[in-house]
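Enquirer: Generate the whole structure from the sequences, applying the supplied hints.
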Amino acid sequence: MPRRLRPNIPAATAAVCLALALAVSSAGCAGTDTGGASTASDERPRDEIVVSLGGEPEEGFDPITGWGRYGSPLFQSTLLARDNDLEIVNDLATGYEVSDDGLTWTVTIRHGVCFHDGEPLTAHDVAFTFNTAKESGSIVDLGAMESARAIDDATVVFTLSEPRSTFVVQLISLGIVPRHAYGPEYARSPVGSGPYRFVEWNPGQQLIVEAYEEYHGGAAEIERVTFVFMGEDATLAAARAGGLDVAAVPASLASQVIPGMRLVAVASVDNRGIMFPTLPDEGETTSDGAPIGNDVTYDVAIRRAINLAVDRDALVEGVLEGFGSPAFSVSDGLPWSNPDVVFDDGDAAAARALLDEAGWTESAGGIREKDGVSARFDLVYPADDLVRQSLALAVADQVRQIGVEMTPVGASWDEIRMAMHSDAVLFGWGSHDPTEMYNLHHGALAGREWWNPGFYRNPVIDAYMDQALAATSEEAALELWRKAQWDGVTGISGTADAPWCWLVNLDHCFFVADGLDIGPSRVQPHGHGWPITADITDWRWE
Amino acid sequence: MTAVLTYLAGKAFRLATLLAAVCALSFWLMHISPIDPVQAYVGAEMMLVSPEQRAEIAERWGLDEPPIERFALWAASLAQGDLGTSLIYRQPVSTVIAERFAASLVLMGTAWTLSGVFGFALGVIAARYRGTLTDRAIRWYCLTLASTPAFWLGLLLLMVFAVWLGLLPMGLASPAGVRSDDVTWLDRLRHLVLPALTLSVIGVANIALHTRQKLIDVLASDYAVFARARGESETGIIIRHGMRNVALPALTVQFASFSELFGGAVLAEQVFSYPGLGQATVQAGLQGDVPLLLGAVIFSTLFVFAGNLIADVLYRAVDPRTRAEAPA
Chain V
199 MPRRLRPNIP AATAAVCLAL ALAVSSAGCA GTDTGGASTA SDERPRDEIV VSLGGEPEEG
259 FDPITGWGRY GSPLFQSTLL ARDNDLEIVN DLATGYEVSD DGLTWTVTIR HGVCFHDGEP
319 LTAHDVAFTF NTAKESGSIV DLGAMESARA IDDATVVFTL SEPRSTFVVQ LISLGIVPRH
379 AYGPEYARSP VGSGPYRFVE WNPGQQLIVE AYEEYHGGAA EIERVTFVFM GEDATLAAAR
439 AGGLDVAAVP ASLASQVIPG MRLVAVASVD NRGIMFPTLP DEGETTSDGA PIGNDVTYDV
499 AIRRAINLAV DRDALVEGVL EGFGSPAFSV SDGLPWSNPD VVFDDGDAAA ARALLDEAGW
559 TESAGGIREK DGVSARFDLV YPADDLVRQS LALAVADQVR QIGVEMTPVG ASWDEIRMAM
619 HSDAVLFGWG SHDPTEMYNL HHGALAGREW WNPGFYRNPV IDAYMDQALA ATSEEAALEL
679 WRKAQWDGVT GISGTADAPW CWLVNLDHCF FVADGLDIGP SRVQPHGHGW PITADITDWR
739 WE
Chain S
2 MTAVLTYLAG KAFRLATLLA AVCALSFWLM HISPIDPVQA YVGAEMMLVS PEQRAEIAER
62 WGLDEPPIER FALWAASLAQ GDLGTSLIYR QPVSTVIAER FAASLVLMGT AWTLSGVFGF
122 ALGVIAARYR GTLTDRAIRW YCLTLASTPA FWLGLLLLMV FAVWLGLLPM GLASPAGVRS
182 DDVTWLDRLR HLVLPALTLS VIGVANIALH TRQKLIDVLA SDYAVFARAR GESETGIIIR
242 HGMRNVALPA LTVQFASFSE LFGGAVLAEQ VFSYPGLGQA TVQAGLQGDV PLLLGAVIFS
302 TLFVFAGNLI ADVLYRAVDP RTRAEAPA
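Same order as they appear, the protein sequences are chains V and S. The first sequence begins at 199 in the working numbering and counts up one residue at a time. The second sequence begins at 2 in the working numbering and counts up one residue at a time.
Treat the hints loosely; a few may be bogus.
Taking lysine to aspartate or glutamate and the EDC-like style, the derived pairs with C-alpha atoms no more than 20 angstroms apart in a straight line are [claimed, not checked]: (1) V:568 x V:673; (2) V:332 x S:313; (3) V:332 x S:53; (4) V:568 x V:672; (5) S:215 x S:313; (6) V:332 x V:430.
Don't read these hints as lab results, they were simulated from the structure. The structure presented is a predicted model; accordingly, all values stated were derived computationally and were not measured.
Expert: What follows is the structure in structure tokens.
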């Protein structure tokens, strides 16, 4: 294996780069104007890195079939983007406007952006991308969009079938493909306007990409990136052998020491929490025959008491070995998260008082009872997930202190599907799209697919979330999402309706070569690995 | 001439029924497995993909038809030589298999040759010096290998040669970051060593022990005793009287090992991140990619069947007795 060069980049170079970036971004398309800028950039010190992040996209690199929804689409650029604080910023767009009825979104496209093949990127490519994605029958769900239409080269108009503030997430996540170069082979030889050009992909082995000099956001510092696709064990071994510069590892392996590399633990909303059935058991079943309701978790006092009694810091230390943070909502740290949902947990005394007040009296066996119902229920977790198993056992231990018995039960996803309307389930979520919060808590979605399996319903919350979806400005939507969590009176938080008891947010762990600066990473969504590439253009050798 | 034709027709009939049975069984197993391909594809996005969109994905993949019809459709297009399109790779199954098998073939071929040559040689040496320390050492070595899981041995080799000694690469089929046009044969060879060595281990013990036993029998036979009485050297006896007799069991074991080779390749490719057909088959199974899995099943069936067929044919070439009896 050839050794990579790792020259030190003097501080002055950063300034040169910045100047260059500005020069390049204002330049025309490749082939039409390759003046002084590219000549100068040839002298820039460049080098390459090898990374193992797992998660090879087997279907290729076509955004229309779902590529790039986590992290950076790498080869393509998107209309909007999130910065490291997860604020929405322009990428290809220079701005967007939503009509008062929320049905028409007008996006203006910046001028002078080119695809890697030198062709200019226009509004026609944008409209083509969205319309093709809508028809593709893939993971890209554009159900709310009626059509996308380019008015001129720089303006595209999206027509929605109903107001949908979360449509902005599609503008953030869908990479724009070139109309002139899109076809069946596109996924295996992608052309876009993103920070990196496609060089080669050996499926099952590696992906090689090179920085795109004319990238409108400023050419990336790292000249060449190789993504190798290896399992967790092989990744760790390769890191040890000195073959990797960035290696994604599970938290269970993160406490190892690898010479020449440092551990970077990135905060995430990759959360784990307990879902409670909120209906009483009245013998109802779903159309599949799954029983609905649980007489214990139906009582909001039980749900609140568990939320109070759980010591989340102890879970982070004991189960995650410190690689995580306490979770109080499905969206901790995201722009639509409400900071008021955080409370003092691990308070067994308060939890006991709450249960006493609600009429759950302690019986001989130490398990509370109310009206002949014993405070016992099953806590189901996917049996193949070690972290969730440990969490289930630890939480069950903690709530036994307040006289509630949760019995951890390992099950397959098939069994969980049948049990989730009548037993508590340890789920994991976490997305950069507030739609997730809507789907988990909206009364109209109760029992539909995996959404809102606890049949939680609160008309006030439903109204907030409906208004949030219908909002025509991002600010208004964020405010309404926050209100749904806690509006001062009610909410989905652990001290209010408590349909969930959120436990922890996992840290995503990476070993990073000494001297490689991967910047201040943003709070990551559920997927481990690729999301770290979201700001790959800022990575550089120190 | 007729005998040969009848023989071939019989084999073809067996192959056809075997393929039909294996495909139907695999399809049925995939059907009753709890893996929902749409769910496997949607994965972590499951909170964001609406039921309507799921239905659209299922429709695009043809999963909305009843299973019997799906199988019939698949079989009909197979009859026209179309293996269908892989769900996870979004490419024709034949392309995926061709691409992946090219890598696997080099790996399996090397391992197979190594285990055959090495195993046969060890067996002959052990029999020649039976009862001595050499024999005991070889037998000990074979039994240890036979009871070693291949993936574990792979990890061990990886730790020693790639991590501690740093002599050989950490897996993959070519160096990271080098375009395939720029990869040299030496590079490929270096990347092949560990997986091929791991895979070859599966066959070595088997062949060595079979060969040893047969050769000991031969050396105790009347004609070997007679040859010895005539003053022929032990080595001469082995070359002139032993080899042909011993070749039979060795050939059987060697060609029958095609199935183990295929199974072992799946493990070795996982351990060494080697991009072969085994790796693709595992992905297909885990993500409910029925067309690709069935394609791989057909392919591996053909592969194993071919192995047995070659053994049959070689028998006739090596041993005149089978030729004389030869009923179809």
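Enquirer: So which of the earlier hints does this model not fit?
Expert: 1, 2, 4 and 6
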